[in-house]
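Engineer: Residues per chain are reported as follows:
2 protein chains.
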Amino acid sequence: MKPYVFNLLPEDDLAEKLGRIRRYMAETGLDTLFIADNGNKYYLTGRIFSGYIIVTASEVFSFVKRPTCFSEDEVILIRKVEEIADHINVRALGRIGFELSQSPYNDIVRYSKALLTSDFGNADAVMMASRAIKTTYEISKIRTSSDALSAVYRKIPSMYQEGMSDIELQVEIERQSRLHGNLGIFRIIGQEMELNMGSVLVGDNADNPSPYDFAMGGSGIDPSLPVGADGTIIRPGSTVMVDTNGNFTGYMTDMTRTFACGEVSDTAYAAHRLSIEICEAIAKAGVPGTKAADLYNLAADMTVSAGLADRFMGHNSQAGFVGHGVGIAINEWPVLAPRSRDVIALGNVIAIEPKFVIDGVGAVGVENTYVVTANGMEKLTRAPEDMLRLDEEI
Amino acid sequence: MKPYVFNLLPEDDLAEKLGRIRRYMAETGLDTLFIADNGNKYYLTGRIFSGYIIVTASEVFSFVKRPTCFSEDEVILIRKVEEIADHINVRALGRIGFELSQSPYNDIVRYSKALLTSDFGNADAVMMASRAIKTTYEISKIRTSSDALSAVYRKIPSMYQEGMSDIELQVEIERQSRLHGNLGIFRIIGQEMELNMGSVLVGDNADNPSPYDFAMGGSGIDPSLPVGADGTIIRPGSTVMVDTNGNFTGYMTDMTRTFACGEVSDTAYAAHRLSIEICEAIAKAGVPGTKAADLYNLAADMTVSAGLADRFMGHNSQAGFVGHGVGIAINEWPVLAPRSRDVIALGNVIAIEPKFVIDGVGAVGVENTYVVTANGMEKLTRAPEDMLRLDEEI
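Sequences listed follow chains P and E, in order. Residue numbering for the first sequence is 91 to 484, as defined by our numbering. Residue numbering for the second sequence is 91 to 484, as defined by our numbering.
Source of the hints: derived by calculation from the structure; they are not laboratory data. Please note that the accuracy of each hint is not assured.
Same chains, same label: a pair holds when it works inside one copy or across any pair of copies.
Derived EDC-like pairs: lysine to aspartate or glutamate, alpha-carbon spacing no greater than 16 Å straight-line [unchecked claim]:
1. 245 to 481
2. 155 to 303
3. 170 to 149
4. 170 to 282
5. 155 to 282
6. 381 to 172
7. 381 to 432
8. 170 to 303
9. 374 to 384
10. 469 to 370
11. 245 to 476
12. 245 to 258
13. 469 to 367
14. 155 to 176
15. 155 to 173
Work out the full structure: start from the sequences and follow the hints.
Structural biologist: Below you can see the structure in the form of structure tokens.
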């Protein structure tokens, strides 16, 4: 077999990322990063592989366990982490940052022994901070994912059939999404939150509490995955909120649209309209330098003025944020929350999801993914935002 | 709202698990287990929640962060792990086992501070050993998943249409599976291996190396998830190996079936037949007390006799096992591998997957999930095993 090219990133993309990473390394007193997490390895190579990346101030070493098809000009093939010391002078690595918030305890113990260090720091903040600023190449991938998910969402009314359950509609959306190239995998940083292909919430199920820190809950169909659709039949008078997987390129987009089945209350329409207005207000205000907490407060104030604060981001269980970074994973930086210390920066990609729960009707609101430009946020998720009837074509 | 019942397990099921866990705790010198992992929490409660379980020699404490809908007779509601010390005497917990192979380094540091301990051990081996022996209740869940996946697999020939790609067939299988109640989530212990809903491998793509320790590889359609279907059109002369998600109940089953498109070579049929024979031989030999390594060697010897050893479990990249435990996760104990020290025990649930790659044709073989009884292994995955033509109904 001809060796495969290992690093799939455009040269300037990798250079931009490394420049930022090395600046943050210097700021946090780290001489070296040791990268084992799939998301971070993908960020630095454009591919998932079994192995490790070592980043120093001047060099990048790729140690690969599997697959073994790459040229040894590009990678160093190893069988286990202990072999790294056979190939490079690990004593010269200085203070190493490991992914302490992500890698298992025993892995860190093993890595630090293999690299002969006991005084180490945390690589996660460096990587999260760098990943928060998307490169042109990354933005193009998120744009592609956004366009694909928008195309799928436009077809949703045509997927609906009278008498369907939430699960049945979700399965049709999943199918269309997969046929449009959706990869299926839903990457979430951290081990606690789990999700399959996203969720479709109908009627009062939207307010059933879930263990996860998602904007909306839902019971799910089994206590082993207590989130999302629970088998509710879609009946006139309820809303159908669709918030499903947007990973078509390795980079995710995040979009929610709400549909009405039959006639729903004026309150539901008003809250839905408010959600769109909040998105627009945040997008306009969110220029580089803005405090993420201020954007959350802008949203919260608008819900107070409208008398909908107690319906904002759930009712029985309210989520404490209105937006979050999106990229390789669904929960990147910055976070738009009351106590967030994040500051909006050029190149951030942020999902904004002001959602409301209306008793007896269900969830309403939209979610859009934006890229931060010098003039504010540009919306990437372009499916129609109005609460359309499920029986109308969009 | 009326409080929800927290622990969903039958009483005798939980009692059996706790009995085994406490025996292993005593054997490994642990007085207490501190459980944070979703799979382990599900094992002990029948539900996923945000929080922790503490198991001592005489008590079980459930600390719940979210959702907050449970009765305080059953759970202790907390906001953060540090509050545990307000509710129980953490100094009396003795030597604590944390999930050192699974929980992130920083989480372990935080937990050990919160519980005022610095001398701790590893809970993972205890939990893995207990989870390897399935209770009657767990086996009934795996049986349900097996029957559901068998029903889906029987429909595969009816999903096939001429000119389809591997992805298109996979999407139809996923859709049918989801409509039969598949939960979608694919739990794998450890952070490295990732998979969406399993894989469909057509022709030579089966031998493309993947970074994961799976029996077969496949390129995938994107380097961010380099496994499985790669867009190959299903053409006469190739095989179609289907190995997709069997999680219908929180407990997984694992089943592979291979279909032929048109005429395939006699070698392919012979290797497929050998796979079925290896399954049958292992199932017969696998009585309690058998060494797992002996079962691997039994399989390997049969491939040598048949002259197919270099095609066994891949060719360009061969996997080093022929079977693995299945339960809440796809990679439980025991492992049937040459250097495994596991011993087959009553109540093990094991997937056996002797697979072969035939040049120019593709992957062949079956995978079945078995429960170990006193007389050997009982097969739970009952879809027909012969390599049927995709255009025949099964």
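Engineer: It remains to establish, for every hint, whether it holds in the given structure.
Structural biologist: Verification of the hints:
no.: 1; hint: 245 to 481; in the structure: within (11 Å within a copy, 31 Å between copies)
no.: 2; hint: 155 to 303; in the structure: between (35 Å within a copy, 11 Å between copies)
no.: 3; hint: 170 to 149; in the structure: neither (21 Å within a copy, 40 Å between copies)
no.: 4; hint: 170 to 282; in the structure: between (28 Å within a copy, 14 Å between copies)
no.: 5; hint: 155 to 282; in the structure: between (27 Å within a copy, 12 Å between copies)
no.: 6; hint: 381 to 172; in the structure: neither (44 Å within a copy, 30 Å between copies)
no.: 7; hint: 381 to 432; in the structure: within (6 Å within a copy, 55 Å between copies)
no.: 8; hint: 170 to 303; in the structure: between (36 Å within a copy, 14 Å between copies)
no.: 9; hint: 374 to 384; in the structure: within (13 Å within a copy, 67 Å between copies)
no.: 10; hint: 469 to 370; in the structure: within (9 Å within a copy, 58 Å between copies)
no.: 11; hint: 245 to 476; in the structure: within (15 Å within a copy, 39 Å between copies)
no.: 12; hint: 245 to 258; in the structure: within (15 Å within a copy, 18 Å between copies)
no.: 13; hint: 469 to 367; in the structure: within (13 Å within a copy, 58 Å between copies)
no.: 14; hint: 155 to 176; in the structure: within (15 Å within a copy, 46 Å between copies)
no.: 15; hint: 155 to 173; in the structure: within (11 Å within a copy, 42 Å between copies)
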